[in-house]
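Sequence order for the protein chains is H and L.
With my numbering applied, the first sequence covers 1 to 387.
With my numbering applied, the second sequence covers 1 to 219.
Be a bit skeptical, because a hint or two may be false.
Stated by the list, open to error - Interface residues of chain H toward chain L, partial, derived using beta-carbon atoms under 10 Å: (1) A18; (2) T23; (3) G33; (4) L35; (5) E37; (6) I54; (7) N55; (8) P57; (9) K307; (10) K311; (11) I382.
As the list claims (entries may be wrong) - Among chain L residues calculated to face chain H with C-beta under 7 Å, some are: (12) P50; (13) L145; (14) R147.
Just so you know, the hints here were simulated from the structure itself, not pulled from any lab data.
For each residue, glycine too, the CB sits at the ideal point set by N, CA and C.
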Amino acid sequence: MSTVSTTGIITVSNECKACDHCTFICPTGAISGKLGEKHHIELKKCINCGQCLINCPFGAIEDYSMVNEVKAALADPKKFVVVQEAPAVRVALGEEFGLAPGTNVKNKMYAALRKLGFDKVYDTEFTADLTIMEEGTELIHRVFNALGVEGFENSGPLPQFTSCCPAWIKYAEDKYPHVLPHISSAKSPQQMFGPVAKTYLPEKLNINPADITVVSVMPCTAKKYECDRPEFMSSGFKDVDYVVTTRELAQMIKDAGIDFLNLSDEKADKLIGLSTGAATIFGATGGVMEAALRTAYELLSGQTLDKVDFKAVRGLAPVREATVEIPVKALGKALPVNVCIVTGLKHVDTVIEDVLAGRSNYHFIEVMNCPGGCINGGGQPIRRDTY
Amino acid sequence: MSEISGKVLKHDTQTRSMHWVHLIGFLILALTGIAFYWDLIGISNIFGGPANASLVHRWAGVIFTAGPTIYILLNFERFAKFIDTISHFTKDDFAWLKTMGGYIPFIKVDKAPPQDKYNAGQKILGGLIIVGCLLVILTGFPMWLWRHTLPAAFLAMCYNIHFWTAIIMILLICGHFFLAAIHPKSRIEFASMMLDGYVDAEITSHHNEKWFNALQKVE
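This is chain L alone, in the form it adopts within the complex:
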């Protein structure tokens, strides 16, 4: 039996709140966006018709932008550390990626290489989500606020970037949801972001060994 027991705080209240706000905003944005891009009137009608679906989409976009912005302003050091973590790829990360951390059924892994607070896959996802968010925000607001005065070609470009970025993000989030909530190896961490913020110390010592060891050193 392992000597490690108890729980470790992985995500604090503000991080979890921001994640919830972003998640709800994203779901509304994805649903309304899909509805009016493909003219799915059944979905639009849930929001009161296409014009109202668009209105909901735009204000959900404001929340989608404001949520992380406020979080970053209030937690700048934590965010800087997050960026530092996800932007540093070590030999262990590349080794982890080669075997996909053992999450893929047909790749046998005895022991995955030690990982930081976020594994290599989460690091890539984090980076892609940040870039994606910036792209949809930077194209979305001009599409709304300057739709009358922007040149047609620029507006069309904004729509294309917005659409394809959103599609990629929806696919990424589907993958993220599968690993976070369904996959038996990783769903054990589900509550850490969605509920109380804590993860099992024993599991963390395996899954996020480097971070866990660093925590122990501080203590």
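Next comes chain H alone, as it looks inside the complex:
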């Protein structure tokens, strides 16, 4: 665990054995070094995804840690510390305590966070629902704009890309700036939570917003970079103060001597702790797409879905596509919505180039950097024995 403030989130330590495995793992070619010489991460190219970290055979790659700052905030009686946890954290945290991968320990996690001293334990799933409402609505506006429906002229172009993966956003900004108008303007669930916690919460709980510290528990190292982006100060304060990964939370629980497995089940705090099933599936590839389709379907058709599953978008293939017929009440006909899901940025270039060249027939494209989605994020437990 690196506690030294570095210029980047991900760094190669002196323990590097120069095996060169990471150069192939890195989706952006940010790691340089020949076999036999210590490797180096080029910060301009690095998207902070941490895939190199979780795949390093020697554990020689580290991420910048904010754990000490979180502990200091928890120990400060003046601070009102609230915490949010991403959907993928709850199904991976248990692995650090010997449970099978995929075991949902959501309720024990809430209990552990309270024992650690967080004043309110909320859930990122609340803002994942907000994200999908935003993205789904934005997609509809873009579709209407493309169909020439009056009143939607200022909506962005099609296809629309998802915006919740910070590694993907940095990649697009660095390599494909022309694709940015296609990316949804919705913030990620983490960054929606920040302003909600620093504006809505003080009002409802009668707290000074300056005293609130927002901590995120994320499966992702790029979220540490995201929370430090200068534009995320929409509450007037830094929207999300600190991010800890699933691994770091597990270590904090162990350091505090909490018997995690024997904790009683607890629930998240109300106000911004509730969510739908659509938010839960955000953590897996195709999850954002499926959630958006559910929203778009209901909004466009005016009907409630009998079966909420869109199984065509599920799977683990790096690039998947599907066509979903959605009845549009306003137009009196069904529209075929062409969607594409990309998992792993190594596979996104062709999709983007088709979009920029006008060859793409997709309406909505989900992009997640980590293979399989956030459940395989750079901040998740490292289990070598599962190979």
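Knowing the structure of chain H, use the given hints to seat chain L on it.
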């Protein structure tokens, strides 16, 4: 005075050549391997830096693999006989091992039990070196050629096996070098592998009595 005189050919030209190739390859591999495992930049710089040391290590590995492979293909019968010899342990071998053939200063031995072309210690060394070579070769090439596509856990396992096997082999070779080149009782055979291939017949009649007797029978 002994009635036995003259010399006996113990190792022919191809065997000696293979041994030299393997020895030089091993020394380069050990030196470069130690250099980049422990980050000893002084040693790496002899080869032009860590990346070049690694390059030299890999190609020395190719020679280390190719040398014995070619030798075995060209001398299969001889190699099969060698394997047969080192894999057969008789009562005499176990008796030899009990006293370590008299090489250990504090174990007094009047007469060591009769031995084959290779004594029991050499048989064990031969077996360990063959197994060690197979392990470093079978882990080394994946570490080089498939480093990008192998799972991290498998790659880490290859590194561990490669490292520990190499360490054991270096220690074995140090022992082998001591007995072959320094120990006064055994260094008399040094030239047989390193130079002309011949050993003194009289000494061989004691050290490798069974083999010597078998040779006499053939003649």
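Status of the hints after comparison with the structure:
{"no.": "1", "hint": "A18", "in the structure": "holds, 7 Å"}
{"no.": "2", "hint": "T23", "in the structure": "holds, 7 Å"}
{"no.": "3", "hint": "G33", "in the structure": "holds, 8 Å"}
{"no.": "4", "hint": "L35", "in the structure": "holds, 5 Å"}
{"no.": "5", "hint": "E37", "in the structure": "holds, 4 Å"}
{"no.": "6", "hint": "I54", "in the structure": "holds, 8 Å"}
{"no.": "7", "hint": "N55", "in the structure": "holds, 5 Å"}
{"no.": "8", "hint": "P57", "in the structure": "holds, 4 Å"}
{"no.": "9", "hint": "K307", "in the structure": "violated, 37 Å"}
{"no.": "10", "hint": "K311", "in the structure": "violated, 29 Å"}
{"no.": "11", "hint": "I382", "in the structure": "holds, 9 Å"}
{"no.": "12", "hint": "P50", "in the structure": "holds, 4 Å"}
{"no.": "13", "hint": "L145", "in the structure": "violated, 11 Å"}
{"no.": "14", "hint": "R147", "in the structure": "holds, 5 Å"}
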